[in-house]
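Assembling the complex is the task here: the two chains are given apart, and the hints tell you how they should meet.
For the record, the sequence lines run as chains A and B. With our numbering applied, the first sequence covers 1 to 272. With our numbering applied, the second sequence covers 1 to 386.
If you are wondering where the hints come from, they were derived from the structure by calculation, not from laboratory data. The hints are all genuine.
Reference excerpt, derived from the structure (chain A facing chain B, CB under 8 Å, subset only):
| no. | residue |
| --- | --- |
| 1 | 138 |
| 2 | 165 |
| 3 | 174 |
Glycine included, C-beta positions come from ideal geometry on N, C-alpha and C.
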Amino acid sequence: MDIKRRQFLKIAGLSTIAGLGAPAAFNLLLKGGPDTVSYASSGGEAEASHEAAPTGVRLGMVIDQRVFDANKGLAQKCTTACHTVHNVPNFGNKKDEIKWIFEVPFEKAFTGKSQYHKNKNLEDSSFLVLCNHCDNPPCVRACPTKATFKRKDGIVAMDYHRCIGCRFCMAACPYGMRSFNWRDPRPFIDQKTHNKEFPTRMRGVVEKCNFCVDRLARGQQPACVEACGNTGAMTFGDLNDSHSEIVKLLDNNFTIQRKPSLGTNPSVFYIV
Amino acid sequence: MLEKALTGSNKYWGWIAVLLAFMAAGALSYVQQYNYGLGMTGMSRDVSWGIYIAQFTFLVGVAASGVMVVLPYYLHNYKIFGKITILGEFLAVAAVSMCLLFIMADLGQPTRALNVLLHPTPGSILFWDMIVLNVYLFLNIFVGWVVLTAEKKEVAPPKWIKPFIYISIPWAVSIHTVTAFLYAGLPGRHFWLTAILAPRFLASAFAAGPALLILLCLIIKRVTKFDAGQEAIQKLVTIVTYAALINVFFILLEFFTSYYSNIPGHMHTLDYLFFGLHGHSQLVPWMRVSAIFGIVAIVMFLIPAARKREDTLAIACVLLFVSFWIDKGIGLVIGGFVPSPLEEITAYYPSFQEIMITLGIWATGFFILTVLFKIALSVKEEKMIS
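Next up, chain B with everything else stripped away, as it sits in the complex (with noise of 0.2 Å):
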């Protein structure tokens, strides 16, 4: 089937240049990185995690929630959701790569990645987020492409792949799970060390994840014949709407936590996002923009003339894409260490290398994701005409 993705219209193959332009020149800057050194990024001993690992946490999340169309469709037969699946896993086959990319952009010593292999400690979380990252990513390639196979012969997908499909549910939980307790373990690391990490990350994942879905539904329908059709994205919608808003209430509780026990501790680094800690406020503006966006997105989600809408649809799902990004992608990681063990805030500017890499692999990823895509919708355009 990979030969469908080798023809194209002008268009396409526009697309695919334009992405194999950020791709090289990623790759550039990721030579100097690699002669040089971390230090060609903005991290430092104090911020010792940049954008890398905020992309790769933001991105589990995407990753996770192709969950979101695959539940429905395979335990609750919810049949509107079939012509989507394949999509939900390919975007979830697209956001792990990314992830594993942004993990290797970010190892002091890349050519040792395997020791985690050779020197398996199962202590570490990292050990076991290495071990669920690449089965999903191996469960979603496997399911997807065998299903698809099936659907171009118009046969009915084998027996033996549902054992895989339902184990790839609460797979897609462990992964964003197993990711929020490299944080939430973590001794004087207050801002992560909250029970309710892993439900937040699943919260915000829920809703990011499916509103990329929405909208890439909605390019799919100008730019090809396949329609995922009004009810099947207005359900999606209603995922949105709902994980969005769980997602907020998580960050109240949080608010309320921290700021009615008054533990300095535990107010620091809310103070330093939200408010400036010390005259510090680098990331003041960025958490304000995101609570904003949030907000107005979930308003247009919840009235009815602006969802049902394509273009205002759209409008509210990158709002709340972007929102979650910076919350997740920026605040969560970053911001988590301000103040340092010894209380010392150090501010954090991703480096011109740092963000061409950055940028970099969210061109494979997309590479990917195009690449895939253009198989299925292929494949099921076929069918149409037929």
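Okay, chain A solo, but in the shape it has when bound (with noise of 0.2 Å):
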């Protein structure tokens, strides 16, 4: 009785599998199928292509590097801008630092693009870095708290009073974007120029930039952004709003990303 019933059902368990499964491989035999050649991407823009049209807002930056190089001192003027409204601590020493935005030569923020000849606009040129506020980020994805999330508008958030200290986002980030407070930064805050509108922080927690959500909240451009005035070096907006000045940039400009091939889909583009 038992083994007539094990075999019906093996039996019946069988050709199920066969009956559904057949037609499908039959077709894919006789056709060859719709995609024999299709194209794995590793780039965010291939990737995006490859989506449905996105929906919701997706915030952005197009850091036009042609301006910087013609305006010597900008980028500082930036970096001072952000460090600045964000109470970010100067501590004079690198083991201590830490920075949201800074400059970098072609090499560092690009690596692994070699040039046989370097070019010679990029030979004194160095480019503005930031949290790449990916799309697929992976410090999101290591942090153990959710201290450090990602908005439905894009923005790389972090919470610092959920932040244990664990740095397991600083291992995971792949552009070497985020600092720790090593120490109590609040002695290392300039009294002169502290923003009483922003938070200070303490110490044990990570930080980064957070592409200004609180300016925006308030109808701001990001610090960066409006350091750079009407220049066009700093673009900022919505990545999926096709009459945006941003979308406009990128549909007729050549711009790269940095470390595309990791799959993070990176949300600061450059036209070099």
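And the structure:
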């Protein structure tokens, strides 16, 4: 009795699987499939083009390096503006260093892009790097407490009160854009420029660029963008709004992202 | 049974006193670090994990290696290990305790540690690591204690303990696998981004852990009446030798993939660790010592005369343990941060306080180990007398 039932179930099971699978398999063999050639992608742009039309807001930034190259000192102005607005301390040493946006040479910003003869323009040019507010952020994946999280508008934000200071996010960020408060930062904030509208941090938590989420809420531009004035060096906006200025820039210029092969889909683009 | 830890010879109390002194020194340094912040350590923006997380990673392996005596005894009924199973389990307890202490020492906001439970995040590997480590700690304390109590009463262990023992076997593998996943899933850290990181971790763990257990057995033989027996120790030697050889094989695989593919990002850290990168060779002496010690130890394990003599066996175990401690406890974690994502090279030197805290936690681990072993061995000695 038992054996019969087992056999019946086996046969029934196998024939069901065969029945379900066989036509599909035959179809594939006969037609060769519609997708004999398809493209795997690694870059954010390529990825996006394969997806259904994106919905919702995704905030991003375009950095026009041509403008920064023509205006020496402008990048420094951006850094100062950002670090002042956000009460970023200045410890005066590399070990304790905290930085949200800073200048680095091309090969540091865009590692792995070799050049046999370095482009003359790149030689004394330095690139502003900041949190990329990735569409697929590894730091958010790593955080064990959701102290760093992605907002609906694409901003990768931090909750300084929830962070336990494990620094997993720092190991996870492939761009080196996160800083840790190795010691009490408050004595190292310039009292003359202290911004009472933005919180200071305590020791033992991680921090980074937040795309000026609080300024955006008040209808202002990010501090670095504002510092650029009307030079057009930095453009901030919604990457999903086809009428926005940033999308027009992306449409009309060749832009690059940092380490696109990692699949993080950075929201900061550079016109070199 | 705890009372058995409260009676002992002068040597026992002397050893306890030494450990307490180191624990106190570590605690004092920790108070300093707690008040000042992690800036007290040598860590920086670029090398954001240092010897705390390195020790943690190494010790997860020591903890997992308990399974190397538990599995043969309980799954294959290998009776010879019956005498030392409890030692393997209690070694795991001490090692996991150290792991948890090292994590706590490394947190910027230790008082918020429970946020990991208050805001559970299944997407984070650290969340899972916390779960598997704590469950493993519980399993080993529980199983060890129940089996030892039964031994004391001279009855067979209760049947209901078996499921806990069987669960603890794959669980041991899980703790080191999950710990490897902390590293192996991070984009942009080429040195860690390797699918054989978890197998590598397990191989080095199953070599270093039992090597430590052999050393402990040899020490115990001198200071107590308990003898694990030549056969058990030689079987451990076989396990250590195989695991060590597999680990060396895995490391050579990493070298092949990196250097034959010739992809710069894959070669950078190995260059930095073994040959020096752009003139930076801070860790090169360490890694070379690790390589030499490892090879010498394996050769000694392979020579019958060397592995059968207790003194040469002890030397081989020490060499292997030190070799793998450097490889995993220094090279793997600290090396992984060089070069940084911006391809900068930052050196890391642990500070005085950082070293004292590290020694203090090791002392705490050995304190737990001593007390647990004392209890277990007292029970066994009593039986031998009666």
